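Trainee: Just so you know, the sequences run in chain order G and X. Numbers 1 to 324, taken from the numbering used here, label the letters of the first sequence in order. Numbers 1001 to 1323, taken from the numbering used here, label the letters of the second sequence in order.
Quick caveat, the hints were computed from the structure, so don't treat them as lab data. Quantities reported herein were computed from a predicted structural model and do not represent experimental measurements. Take these hints with a grain of salt, some might be off.
Facing chain G, according to a computed beta carbon distance under 7 angstroms, are these residues of chain X, among others [unchecked claim]:
no. : residue
1   : P1057
2   : I1058
3   : W1263
Pulled a few chain X residues facing chain G out of the computed Cβ check, cut under 10 angstroms [what the hints assert, rightly or not]:
no. : residue
4   : G1074
5   : A1090
6   : T1265
Where is the CB? At the ideal position from N, CA and C, for every residue including glycine.
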Amino acid sequence: MAEMTLLQAINTALHEEMARDEDVVVLGEDVGVNGGVFRATEGLYQKFGAERVMDTPLSESGIIGSAIGMAVYGLKPVPEIQFADFIYPAFDQIVSELAKMRYRSGGDFTSPVVVRTPYGGGIRGGHYHSQSPEAYFCHTPGLQVVIPSNPYDAKGLLKSAIRGEDPVIFMEPKKIYRAFKQDVPQEDYVIPIGPANVVRSGTDVSVFCYGSMVQVAEKAANKASEDGYQVEIVDLRTLYPLDIQTILNSVKKTGRAIVVYEAPKTCGYGAEIAATIAENAIEYLEAPIIRVAGLDTPFPYTLEYVYMPHPARVYRAIQDVLNF
Amino acid sequence: MPELTYRDALNEALREEMERDENVFILGEDVGFYQGSYKVSRGLLSEFGAERVKDTPIAEEVIIGSAIGAAMGGLRPVAELMTVNFSLLAMDQIINHAAKIHYMFNGQIKVPLVIRTPQGSGKQLGAQHSQQFETYFVHCPGLIVIAPATPADAKGLLKTAIRDDNPIVFLENQNLYGMKGEVPGHDFTLPIGKATVFKEGQDVTLIAYSNSLYIAQQAASELNKKGISAEIIDLRTLQPLDMETILASVEKTHRVVIVSEAWKTGNIAAEIAMRIQEAGFDLLDAPIQRVTAKDVPMPYNKHLEQAALPHAADVVDTVMAMA
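For reference, chain G alone in the conformation it holds in the complex (with noise of 0.2 angstroms):
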């Protein structure tokens, strides 16, 4: 065991991954020489060379289509989109192409891509470096989404992901990149995309969450628990495909439910899973489900902390579904 934070959690999984398999290699802005923005291709360049860790033009586009045309070749790219909030350039080769590689081809080729792009707000990088893109790739059949919560989960998902024949949008929680550390175990291990888990056990209420949302809701839960109340925290892990069965199963037992999310509130994700939830499980539910949610705006750089949702805002809706 190591201890580690989410940042150097994902710099092992990189290092071990290229040590394994030589097609994996790692391209984008600054992931070189610099290491990345963040440090998380750190020490990559000097490993493993230039060959296997490109840096690239200010180009998102051509990023990632020079990932999809490697990946069809058999190459195992993962490249690195500085931020979230740069995706947008690079739109139509994500859904138009990597996303729909599988399919067009009638199962010839795939495009094993994993875009690693940190997101999300809390650090005061106003709205062109805070923003929350997730609910996109969920509406885009073809990606799978993947979102870890902590140092552990971030280095079994990104293995997981760069072994898998599918291409994953890999969102890593830049508001917690260094913000604690925990133990890693430094042997080989993944974690399956797809099931959620259970971070939190509870029978009162359900709050689902992912990213840096799963230390707002424990804030939470611990405030709740000082009033007698038991809240479950679901950590989603894989946003798509969703783990509905962990979802209900959870709801079930508690038949009250909260989703978090820092994204825009309106065709949020949250949206998706609250209206599963309710087309699945409505019986159960005691009261209506809360989202709480970043706000309809574009993100805010000095109303940053109003926007996001924080423990004190997911305490009221824990207090809201239990007193409906």
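Knowing the structure of chain G, use the given hints to seat chain X on it.
Mentor: Quick look at chain X alone, frame taken from chain G:
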């Protein structure tokens, strides 16, 4: 009232607005000399000249980027993207710029831009030319999203959109361009953000927009034969959503089916379902159902494509199972 096709209703709206306001201009691929891939801009180049009807290179990012600049400078551009599928290339301009500029400059600058683009599926155009992206745009704060289903709505809403000071994604439906309907004459406008009760009913509310309105309409007449009276709501505007009209209907029927031709997961139908439950948890007698396209890239094969799309029979089956 004159009968016009959906295409000609849009054309009339463009012509009237260009006559009314010399700041209105059109740009896009083949909108001028070729008069539009779907002939929506027919006759406008000869009438208003090349300064106001601009053929552009095949570069969607540039079309929208230039239009944003023109809008910031005081013009009222109507940019055409040949199909919504190509809007993906302009996503950065739309999401990061058009939608955010008004906020970024604290309201000092406006972006009165209308992006017209058709979407639709079911014509064997393959995975890359059969996509529907309304959810992407509705999820992006700062954009208004309109999706008219009838010729009259197409005209009335496009005119209002051009006069509005916000960036608007105006989603036409390529399968409806030839549809005819009565269209009020000169200077007919409709408000943004107002849904309409397309058909009144008592037993179940079918919520639809764009082409899914006609799926709902067909389902309603099938349901009628079975003694079930369906109310149909045509949303017309997807962002902002007219929750007042939706909830008034749910209060009456207590059952809701939302019909959309876009992919299921993350579909705007989930948002609508949640808003109904947030505002009227006790109103519902059955779980809200979503009838949508399947979560697959659209197949080219005719039968598979039809299997991936929602049909009236699916709506009927869903309603019957809700009893």
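Trainee: Run the structure past the numbered hints and jot down the numbers of the failing ones, going up.
Mentor: Violated hints (numbers, rising): 1, 2, 4; every other hint is consistent with the structure.
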